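As you go down the protein sequences, you meet chains V and A in turn. All residue numbers for the first sequence refer to the numbering used here, where the first residue is 1 and numbers rise by one. All residue numbers for the second sequence refer to the numbering used here, where the first residue is 702 and numbers rise by one.
Hints in this document: simulated from the structure, not taken from any laboratory. Keep in mind the model is a prediction, meaning the values are calculated, not measured. Note that the Cβ used here is the ideal one computed from N, Cα and C, for glycine as well. Among the hints, erroneous ones may be present.
In silico DSS-like pairs for lysine-lysine, Cα to Cα no more than 25 Å straight-line [unchecked claim]: (1) V:K614 - V:K667; (2) A:K852 - V:K231; (3) A:K994 - V:K249; (4) A:K807 - A:K776; (5) V:K257 - A:K1017; (6) V:K55 - V:K28; (7) A:K1026 - V:K42; (8) A:K852 - V:K581; (9) A:K1026 - V:K538; (10) A:K1227 - V:K322; (11) V:K255 - A:K1026; (12) V:K515 - A:K1056; (13) V:K152 - V:K249; (14) A:K807 - V:K276; (15) V:K538 - A:K892; (16) V:K231 - V:K255; (17) A:K981 - A:K807; (18) V:K375 - V:K231; (19) V:K211 - A:K1149; (20) V:K28 - A:K892; (21) V:K363 - A:K1149; (22) A:K1017 - A:K807; (23) V:K152 - V:K59; (24) A:K765 - A:K912; (25) V:K25 - A:K1149; (26) A:K1231 - V:K538; (27) A:K1017 - V:K258; (28) V:K513 - A:K1056; (29) V:K184 - V:K5; (30) V:K258 - A:K1026; (31) A:K1108 - V:K255; (32) A:K1180 - A:K1227; (33) A:K1161 - V:K43; (34) V:K255 - A:K807; (35) A:K1231 - V:K322.
Listed next, with one range per pair, are the computed distances between beta-carbon atoms [to be verified]: (36) A:S1059 - V:A123: 31 to 39 Å; (37) A:S1059 - V:T378: 34 to 42 Å; (38) A:S1059 - V:E76: 49 to 57 Å; (39) V:V346 - A:K1017: 50 to 58 Å; (40) A:V1031 - V:G148: 31 to 39 Å.
Listed below are the residues making up each chain.
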Amino acid sequence: MASNKECLIIVIDVRSCASEELKLKSVKCVAEILKDKIVSDKKDYVSFVLVGCKKSKNKLNTASDNMCQNVVQFNEEPQICNWQLLLEFFKFVNEPPCDGGEWLDGLDVAVAMQRAAQALRCARQRILLLYDFNYMPQRYDDYDRISGDLLKEEIDLIVGSHNISYIDNAKSNLPQAIFQVSRKANIYEQANQKYAMQLVSNCNATLCSFKEALASVFNVSSRRPWVWNAKLNIGSVIAINLQGIIAMKNESHIKLKKVWAETEETVEREERYFIKGTEVTPLPEDLIDGYMLGGTPVPYDETLVELPPAHSPGLHFVGFVKRSSIPDAYFSGNSLYMLVHQKGNVVSAQKLDALVRALILQKCAVLCWKIFSVKFNTPRIVVLVPQESTVDRPATLYMLELSYHAQHQFWDFPALRTAKTECNADQLQAVDTLIDSMDLECTLQDTQQPRQQRQNDLLPFDGLPSIFEQNVMDVLERKVINSAKSDPQFKAMLDDKNLVDFFWRVPEPIEQKSKQAAKALKKLFPLEHSHAWLQKLKAKEEEQNAPPTVKQERRDTQTSISIDSVGLMTPAEDYKQLLQKVRSEINTTQRDVQFQSLAAQMRVVIITLLERNKLDLNQLNEVLTLYRDSCLEFNSFAEYNQFAALIKTKASERNLQEFWSSIVVEKNLGPLVLGEPTLEDELRLKAYYTKPEFGVEDQEG
Amino acid sequence: MSTWNPEYDVELTDSEDEIAMKRDFHGREAILFVVDANLETERLMDALKLIRGAFISGMLVNGKDLMGLVFANTKHSPPPQELQCLENIVVPANCAVFLPLRQLTKAIVEHYLEFMASAEELFASEYGLAEPDGRGSFAYMIRLCIELLEKCGKKLNNAKIVYLTDVEEPHPSSSREFQAALQKASDLEGKEFEFQVVPMTDDFNYDPFYKEFITLSRAIEIDSFRVPDAQLQREILEDRKLRQDFLRRCLGHFTLSLGPNVSISAQYYNYFYRHVYPKKVHIMRRDNSVVQKRRQIIVRQEDKDTEQITHEYQIKMTGGWYECKVGGEVLRVTTEQLNRVRNLHPPGMMLLGFKHRSALPDVIYSKPCNFMYPDDQNIIGSKRLFRALWQRCLEREKIAICLFLCKRKSVPRYVALVPVEAAQPDDKNYRSLLSGDGFKIVYLPESKHIRRIDLSDWNKIDNTATDEGVDFFQKVIRKLSVDYQPNLINDPNLEVLQANLLALALNFKTEQDGLTQLPDPALQNKRIEKFLPTYETIFEPEIEPAKKRTAKPSSDEGSAPKMPKIEESQLSSYEFVERLIKDKLLGSCTANQLRLILDQHFDVKPAKSATKAVLIERIETLSA
């Protein structure tokens, strides 16, 4: 694997005469660079050089005393970024400053450091110079030598300053950095700026504003990216050797070390097996793989079905389709591949060039099956979109995965153009004003004026920040600086609004205009917050969360329950009502207590009814059944069985033969049995239902 | 996941996508099919076939869904197979419940297939047609459906009633029943049950009844009703897909801020959901019970002297913490703290500005698009302003650039809102189903997501093809052009799996032709036969550049299986094996050969998962 490490030396202007704005921004800029490298766990080497210190401490100065004065270099050698380095840098940058110090000396020291760093075998060597090219006189004797060295040794130079703006070059139409012209500039300032500008042509340096300097530092191109080798076959004769390179990928760059346990503890990942929530420890041979088909598990492995052979890797051509017929909305996956010809394969390069040009002429794209490898063998349907060659790249195809039909959703959206949403001319005008006043692309007349940002666009699509990552970095930085360990400290840090609100705002140049346009819009479009849906949702949730039976019965309690005990007039009805009330009690303990007291009442009532001279058999049947059922419901088996025994004694005592045979025996109102009756249970029941010894006199008769 | 190493795990998952794509919104989906007995035999069988398709694909794709089947306008009401399920449900006259809402199982589908086999003959006698005019009460039918859905015993998230019929007007418009039926529409609206009519004829007129009924049941204006294409409707139903009501299944609601104190409410949707395979499970061999496998992270503390485990506990994936080293000191950041960093800004979308449509590159991709539609419930008046914005963007070819935080704890992203329009009513293509009027949300890649690749090593002057080459490929393109039909493209591996599952479970044969397969290059050759000779004259034969690393087998073939060091035939002699064991040379056998030894000489069939080391140990202990 090719090394993608870089060695970056940052030269910073700390002279007392340099603008404070520049110094603050420089430190911030360096901190951003370091944070990014730390958080994404990059193995790049970094070091710093200060220009404008009272003392002189650098390699060249050590060698010869009058060389590179007022320049201080950070340690001997560049080092890998970590939080400690960031903290040290914050200290280092506070070296006592003076007015002297020349930027060419700083560069000279940096080049010397890069030479020494060649042993680190970095793929790229870069110097970032952040300097105020102000009114102080500077010597330019070594200018040609140093710029020549940079060019010769292939060290990239980025020069950042605070008073840079951009115009479009009249010839090439490309953005060009210039110094903001100041009327007060003396001849030294003019000379300094002239030499700085010339670096661009002399050694391909990048001159830029601070914001762009950061972008330039992060903008590292890779010459040897990872590639996926594949062959595109059209039929079996036409074949093009291709290499797939990831062009865009939605991924997080934050790499933090995740720790699961204290150092003295061991961490293991284990697989546990459960059947319906109960843990089991099956032997591997007890288990068979399978799939769920609805609610039915279906065993499935190679012993049961013949699995189809693996597909051969590469791109299998399906057909040419019109580009316009492929909806972007069906693009899936989290990356975008770019296919180029196999490096060094001229024949494939020509074929690909011909194919791409033909596709563009025919407004077509290619539909293919992509088989990644023998191991990752699942075919994915992809579309290859042509991209014509440019000066700096050959013809390529973008490869995008498409979603399958089985995944697609079909929505039914009512039309937007209805009578109710019709707008009048004023309203449409207000919308137009909003669109115009929030235009992110500068209009033609703006391009003549020097502007703050490089591109003619306030929010260029290739420079969008990663907000979450930036927030994480900022939070970690503060945590490290404050060594905030406690949670409240952390919370206080997050409460700092600047952290996020920085991104959540309209770009400054159009902020005022957009506010006005929005205000006008608000006047014409009545908007009213409504909480009806929320209330409806809440009501629905409540309804769903409460157990349904409870709710129903609570209504009953409120409306009709006026009794508090079971009476003798209508015992069945009373009992039913009171039972409902008991059921509505949510606290189970309470409920059981209430039931027990109600059951006791009922038992008294039943015994009283049994003691009457003239028995109402229907009523007795009703109350006994009710009571028995309720005991079943509330798990009150023992109580009932005890009571059943009492009934039998009572019946025998009072010689209630008819009651016994037609109610208790016939209706099976004997003791309760939990679950399936065992033999013992059955014997017990049989004994119970055996006719008791009745007295001689038939009282019922 | 196999590379997971608890010692050094640097991955910080961006779990937001997982949340967004999750289909479970607490509750199950339910589809209740209602078949009109008025359908003549042929159409009735078509309807039953549709339902069979829906049952089967439902089982394969989303096994947890509930499905049910009711017949309407019947003369008789034969009870369903599962009698007790109707205990607290009143089945009105002229309705018959065939299947209450159930998660489908093999038995249910088999029962349905049995019914289907005899339906042609027996439907008329067993169910019959309501007398005198085949018009049972529509309102009662809807009431029954509502009752079935409400009392299904499961929490529902998305419930639909799908009515298969060819009668345009269930009751005369002047009748009392007509009014009663319309009233039921508002019941459906209140209960958030969706109603769809799937016409079994192609030229179905919605005007007499269904247009009003459906718009009422969804609480939308009658002039925003778009007449669906009946044939397409049936086709997608067979895949157990339906045009989904926009109100029910959005991914989330949010407000779009257009400026200080100017916000409209909107909701967003996905165009497709995650690619799902049937759920893989482990099954006990002896009784077919489903075994769940759970991965657990266990932390143990060991006493150094006694080597006894003194403390053992389980941690969740979200447990643990992140570490930053500052010099010798270690700072801890808990996962919860990092989550708070996600939560720094309230969810919502903020307008940052506009650009011309052409500013958006042709290919820019970092994550699948979403669709955005106004929501007039939260902020009344949103729909009108949304429409104005949409209409002007459409007419002036503008796109809106916004910052979007879709829900709490997700990652803010820059998005481009591209205005899109619903297909014209006469468009019968599958693509017409893609979306309606609204904005397509295109996620813009962050600067860090765009890889900067220096292609100078690829860029040579002689890469440019001749004009003949371009002409040649133009001819090939014309010959091999196809129409992109998304409905015909399915995952071949998934289709094979599904066909096998159906064959195993239901003895269901799927025809080979019905499966998606990789294309046959021979057929393609044939179509471009006459150009092929010129191909060889225009382009020289391929000379692949010399491979730098010869040690590795060519990457086109993937990694080749290991070459065995010992010949298989030798292994059948036990003496040879014995010598291997004695000389500790078993390691030079492949795992498969070790299995062979165990099988042939020791009569042992080791588990599939057994590693080589385990196999060797087993042989050694057995031979000892």
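Structure-based check of each hint:
1. The straight-line distance between the Cα atoms of K614 of chain V and K667 of chain V is roughly 20 Å, inside the 25 Å bound, and the hint therefore holds.
2. Annotation: proposed proximity of K852 of chain A to K231 of chain V is violated, straight-line Cα distance about 57 Å (limit 25 Å).
3. Only pairs whose Cα atoms come within 25 Å are accepted, and K994 of chain A paired with K249 of chain V is rejected, the gap being roughly 32 Å.
4. Straight-line distance between C-alpha atoms of K807 of chain A and K776 of chain A comes to about 30 Å, which puts the hinted pair past the 25 Å bound.
5. The straight-line distance between the Cα atoms of K257 of chain V and K1017 of chain A is roughly 17 Å, inside the 25 Å bound, and the hint therefore holds.
6. Straight-line distance between C-alpha atoms of K55 of chain V and K28 of chain V comes to about 24 Å, which keeps the hinted pair within the 25 Å bound.
7. With a CA separation close to 15 Å, the supplied pair K1026 of chain A and K42 of chain V stays within the 25 Å bound.
8. Pair hint K852 of chain A plus K581 of chain V holds up; C-alpha atoms about 24 Å apart against a cutoff of 25 Å.
9. Taking the CA atoms of K1026 of chain A and K538 of chain V, the gap is about 47 Å. The hint is violated against a cut of 25 Å.
10. This hinted pair checks out: K1227 of chain A and K322 of chain V have alpha carbons roughly 22 Å apart, not beyond 25 Å.
11. Using a Cα cut-off of 25 Å, the hinted pair K255 of chain V and K1026 of chain A holds, with the two alpha carbons roughly 13 Å apart.
12. For the hint pairing K515 of chain V with K1056 of chain A, the CA-to-CA distance comes to about 18 Å; that is within 25 Å, so the pair holds.
13. Restraint check: the Cα-Cα separation between K152 of chain V and K249 of chain V comes to about 35 Å, which exceeds 25 Å; the hinted pair is violated.
14. For the hint pairing K807 of chain A with K276 of chain V, the CA-to-CA distance comes to about 20 Å; that is within 25 Å, so the pair holds.
15. Taken as a hint, the K538 of chain V and K892 of chain A pair is honoured in the structure, with Cα atoms around 14 Å apart against an allowance of 25 Å.
16. Pair hint K231 of chain V plus K255 of chain V does not hold up; C-alpha atoms about 34 Å apart against a cutoff of 25 Å.
17. At most 25 Å may separate the alpha-carbon atoms for a hinted pair to count; K981 of chain A and K807 of chain A meet this at roughly 17 Å.
18. Straight-line distance between C-alpha atoms of K375 of chain V and K231 of chain V comes to about 17 Å, which keeps the hinted pair within the 25 Å bound.
19. Between K211 of chain V and K1149 of chain A the CA atoms are separated by roughly 16 Å; this keeps the pair inside 25 Å, and the hint holds.
20. Taking the CA atoms of K28 of chain V and K892 of chain A, the gap is near 57 Å; set against the 25 Å cutoff, the hint is violated.
21. At most 25 Å may separate the alpha-carbon atoms for a hinted pair to count; K363 of chain V and K1149 of chain A exceed this at roughly 31 Å.
22. For the hint pairing K1017 of chain A with K807 of chain A, the CA-to-CA distance comes to about 36 Å; that exceeds 25 Å, so the pair is violated.
23. Under the criterion of a C-alpha separation no larger than 25 Å, the hint pairing K152 of chain V with K59 of chain V is consistent with the structure, at around 21 Å.
24. Between K765 of chain A and K912 of chain A the CA atoms are separated by roughly 32 Å; this puts the pair beyond 25 Å, and the hint is violated.
25. A threshold of 25 Å between alpha carbons decides the hint, and for K25 of chain V with K1149 of chain A the separation of about 22 Å falls inside it, so the pair holds.
26. This hinted pair does not check out: K1231 of chain A and K538 of chain V have alpha carbons roughly 70 Å apart, beyond 25 Å.
27. Only pairs whose Cα atoms come within 25 Å are accepted, and K1017 of chain A paired with K258 of chain V is accepted, the gap being roughly 13 Å.
28. Among the hinted pairs, K513 of chain V with K1056 of chain A is consistent with the structure: their alpha-carbon atoms are about 16 Å apart, no more than 25 Å.
29. Restraint check for K184 of chain V and K5 of chain V: the C-alpha separation of about 44 Å exceeds 25 Å, so the hint is violated.
30. Straight-line distance between C-alpha atoms of K258 of chain V and K1026 of chain A comes to about 12 Å, which keeps the hinted pair within the 25 Å bound.
31. At roughly 24 Å between alpha-carbon atoms, K1108 of chain A and K255 of chain V fall within 25 Å of each other, so this suggested pair holds.
32. A distance of roughly 10 Å separates the Cα atoms of K1180 of chain A and K1227 of chain A; the hinted pair therefore holds under the 25 Å criterion.
33. A threshold of 25 Å between alpha carbons decides the hint, and for K1161 of chain A with K43 of chain V the separation of about 32 Å lies outside it, so the pair is violated.
34. For the suggested pair K255 of chain V and K807 of chain A, the alpha carbons sit about 47 Å apart, so the restraint of at most 25 Å is broken.
35. Between the alpha carbons of K1231 of chain A and K322 of chain V the distance comes to roughly 23 Å, so the proposed pair stays at or under 25 Å and holds.
36. Roughly 37 Å separates the CB atoms of S1059 of chain A and A123 of chain V, a value that falls within the hinted 31 to 39 Å.
37. Under the hint 34 to 42 Å, the C-beta atoms of S1059 of chain A and T378 of chain V, about 37 Å apart, fit the expected range.
38. Under the hint 49 to 57 Å, the C-beta atoms of S1059 of chain A and E76 of chain V, about 53 Å apart, fit the expected range.
39. At roughly 56 Å, the beta-carbon separation of V346 of chain V and K1017 of chain A lies within the given 50 to 58 Å, and the hint holds.
40. V1031 of chain A and G148 of chain V have their C-beta atoms about 47 Å apart, which leaves the hinted 31 to 39 Å range violated.
Hints 2, 3, 4, 9, 13, 16, 20, 21, 22, 24, 26, 29, 33, 34, 40 from the earlier list are contradicted by this structure; the remaining hints agree with it.
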